[in-house]
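Chemist: Listed here are the chains, written in short residue letters.
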Amino acid sequence: MSSGERCAVVGIGQTHHRKRRDDVSIPGLVREAALRALDDAEMTFADVDALVIGKAPDAFEGIIQPELFLADALGAAGKPMLRVHTAGSVGGSTFIVGAHLVQSRIHQRVLAISWEKQSEGNAQWGLAGGRSRGIGAGGAFAPWIRAYIERSGAPEYIGWQVAVKDRLNALRNPYAHLQLADISIDRVRESPMLWDPLRFLESCPSSDGACAVVLTDEAGGRRAARPPAWVEATSVRSELGMFPGRDPVRPQAGVECAHDVYRQAGIGDPRREIDVAEIYVPFSWYEPMWLEGHDIAGPGEGWRMVDDGITEMGGAFPVNPSGGVLSSNPIGASGMLRFAEAALQVRGLAGEHQIDGARTALAQAYGGAAQYFAMGVLRSEPR
Amino acid sequence: MSDAPKQDLVMAHLVSLRYEEPLSRILDRFVDGLMEGRILGHRCPACRRVYVPAKGYCPLCVVETTEADEVEVADTGVVTGFTIITPVAYYGQEETEPFVYASVLLDGSDANLGGQDIVGIPHDQVRAGLRVRAVWRPPAERSAEGITNRGWGSVGSAIDAFTPTDEPDAPPEQYAEHLF
Amino acid sequence: MAATDIAVIGFAQTPAERRAEGNEVQLLVPTVSAALAMAGLDRREVGFTCAGSCDYLTGGPFAFVQNLEAAGAWPPIEESHVEMDGAWALYEAWVRLQHGDIDTALVFGSGKSSPADPAALWPQQLDPYTLAPLGVDPVSLAALQARSLIHRGLATERDFAEVAVRSRRAALANPHAQVRGEADVEALLAEPYVRDPLRRHDLPPISDGAVAVVLARGDRAQALCARPAWIRGIDHRIEVHQPGMRDLTESPSTTLAAERAGYDGGPLDVAELSAVFSPQEGILRRALALPEGTDANPSGGPLAANPVMATGLVRIAEVAARIIDGRADRGLAHATGGQLLQHNLVCLMEGR
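Residue numbers (numbering that gives the first Met the number 0), protein chains in the order written: chain A, 0 to 382; chain B, 0 to 179; chain C, 0 to 351.
Heads up, some of the hints might be wrong.
[What the hints assert, rightly or not] Among chain C residues calculated to face chain A with C-beta under 7 angstroms, some are:
(1) 72
(2) 80
(3) 236
(4) 239
The hints are simulated quantities; they were obtained by calculation from the structure and are not laboratory data. Glycine residues also receive a C-beta, built at the ideal position from the N, C-alpha and C atoms.
Take the sequences, apply the hints, and build the full model.
Modeler: If you want it as structure tokens, here you go:
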């Protein structure tokens, strides 16, 4: 949505994402991100009008509707609280639900938080539906990646290139989980095969982590302590995961979601008018696939953008300067991290992984059988 | 505040939950068919597409389907997409060796059977377009194990896998739109 | 100032059953179709869809994804999902409609409580560090709440039984209800405790069910429905989770939500309250300051049918039904989430 009240991101917080955050309980993890976001916004919990919580399946931690017990830790008593659950895209749709509350003028200050503490449960077991012969996170996508490679004629090293790029970017992000200083094409190529053709080092880690954003109305954005990011466009689209005639490689819902945000943001040429993109790439090949799937690159051209170095931090269309999902994947938070990192870019607050002059950023999260999409455009100045 | 390291304050809480649900009438019929060596589906009365196993509705038309819409499909078909899974250990995992995870479009069906194993062919020769037939368990060994109301089209423990028929590969037009 | 020209114009629900024959999607498909038919809308005209359900209740991660098949999600739709009762899915849809760019929304809630044992399942909804390991089930928690009421002199076991009698009697007129009939207070009080001081009749049934509601805005609502049930206001508030930190005899979040929803304590033709346990009806009546004699739960309420994740949305549908068919001019629907009335939603509706 882009009509209604302007919505600004005035506070961003995230945890140090790790395989295991044994130093904090779940409330501790979530508060770490929330307090960082509130500090960034120079606010306290008392200033928050409403909360929106997002996370992936509760089976990952074994707690039903954990936001209910987190109410105590988040100062939520007496406030409205929503819990969004849209599979992998949930962090993105949580951000969007929060933005809607501001844009509709129902609330002025919304705290949106997404998280996952996978180390406290058994995500592999959860993903397998509690059964043997689970296909893990990547098994469902691998056949479609094969189809993309066949359709586009992409050389096999493209996936490895993305895997290296994102981990090198992560070295400039103090919050990122994977800090693989010795990452290289050889290391990726020689890592164990998980879901042919995806290898271990082409796949996201399993992380504990949380992300929080403080969303305010226009007045809140104008008087914010630090430069805000303006929410110029948001969109969600869903499609059936499995039906005769479906193209899971280039899902129609992803195409329509992208065009909806481009239209709202007045973007006619996404490749040229977007300065940086944070896109949900949990498996290396999804970078070229989403570049095409959101019409940033033409058919069969996504992998060429990777090959030509265009999506590197120094390139013309940097993708995932934060290191992306390939470097940190607390599943419930990963989608919100894309929106948060996009917002950091246009606020000029991305530190060592800042893209110079970034003023328009694209955020994207996807989930399910590549059937749920949540996308947004953030800008330094509202249109 | 305890002085103990945080790690020492971790407690394991194991929870076991049991979900019991009788198979829906439609899946019950499907299982009966499998026991007899037949694969049954429903044809949508509106768009005429065939779903195996039947869902009791066509997800594209959102109209209900019933036993009156029942059709039988062949136990042969084509692999439309696949990957080779390298199993990882986790609680409940029994697999230790890489296995094929393929979508199979049965002749006569419009929807795939997902998650099928392909045997009788080296993994590096498995390909989209491969013509296959079901490897049935002997009738006495067939069961409905693995089939639930929330399943994704499993043929449970009646068909263990699919194996090549040695026919020529199906042309891409036949399966290109049935990747998943 | 939130828009007040959003209305319920259609709805449908399954009869609540102890064990429904189909799976959750099979329950939803005809329900969604019937709600859209009542609203006079083709599913492709719907501007936004939102669903409420609970993966853990259904018994698998991502279980909600299958329910998308009831929403007609092809071609792609604008859609979302909350891991909450469908009443909150309606809230999200109401928020979305505020923007003014779309004028219809489809909402549904569903759940089958029959496959798992609620006493084993719902302890996992509690604080995992301090409460879940105790294994305390919803009935035991409700019993603690009931004991507090009795101890404070706010209610008696007879009061609880009378709620149950009224519920069952009212449910005789509700084709979707599961527990119905004429009952005698003395006979009920002679029954043994299930969890002192609660008896079987104080507890909700275990139900499978689904409900769908269609919202429309402004002129569209008036074009599609002769007498829309206008949402005057809707709000929800949560309280702290730890039962030991709350006064279980009160529901301040219900009071606050009602106030924010614009309920001024005036006369209501109907109130549908998610009093899942009989003692909770009294708590909610006091929290809402319902005028004496307000017809509460003419559907029978959750004591007659409790399809968890749909129960709250059913309350909204029941109030809307009575406004749309002219039996009521003003009604209030209440939904609850968590245990012991931790999270409460109030929806105030009026015919014009």
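Chemist: State for each hint whether it applies.
Modeler: Taking the hints in turn, this is what the structure says about them:
1. Interface hint at residue 72/C: satisfied, since its Cβ lies 5 angstroms from the closest Cβ of chain A, which is below the 7 angstroms cut-off.
2. Because the closest C-beta pair between residue 80/C and chain A is about 5 angstroms apart, less than 7 angstroms, the hint holds.
3. The beta carbon of residue 236/C comes within 6 angstroms of a beta carbon in chain A, closer than 7 angstroms, and the hint placing it at the interface holds.
4. Because the beta carbon of residue 239/C sits about 5 angstroms from the nearest beta carbon in chain A, less than 7 angstroms, this interface hint is met.
Going through the hint list in order, the structure satisfies each hint without exception.
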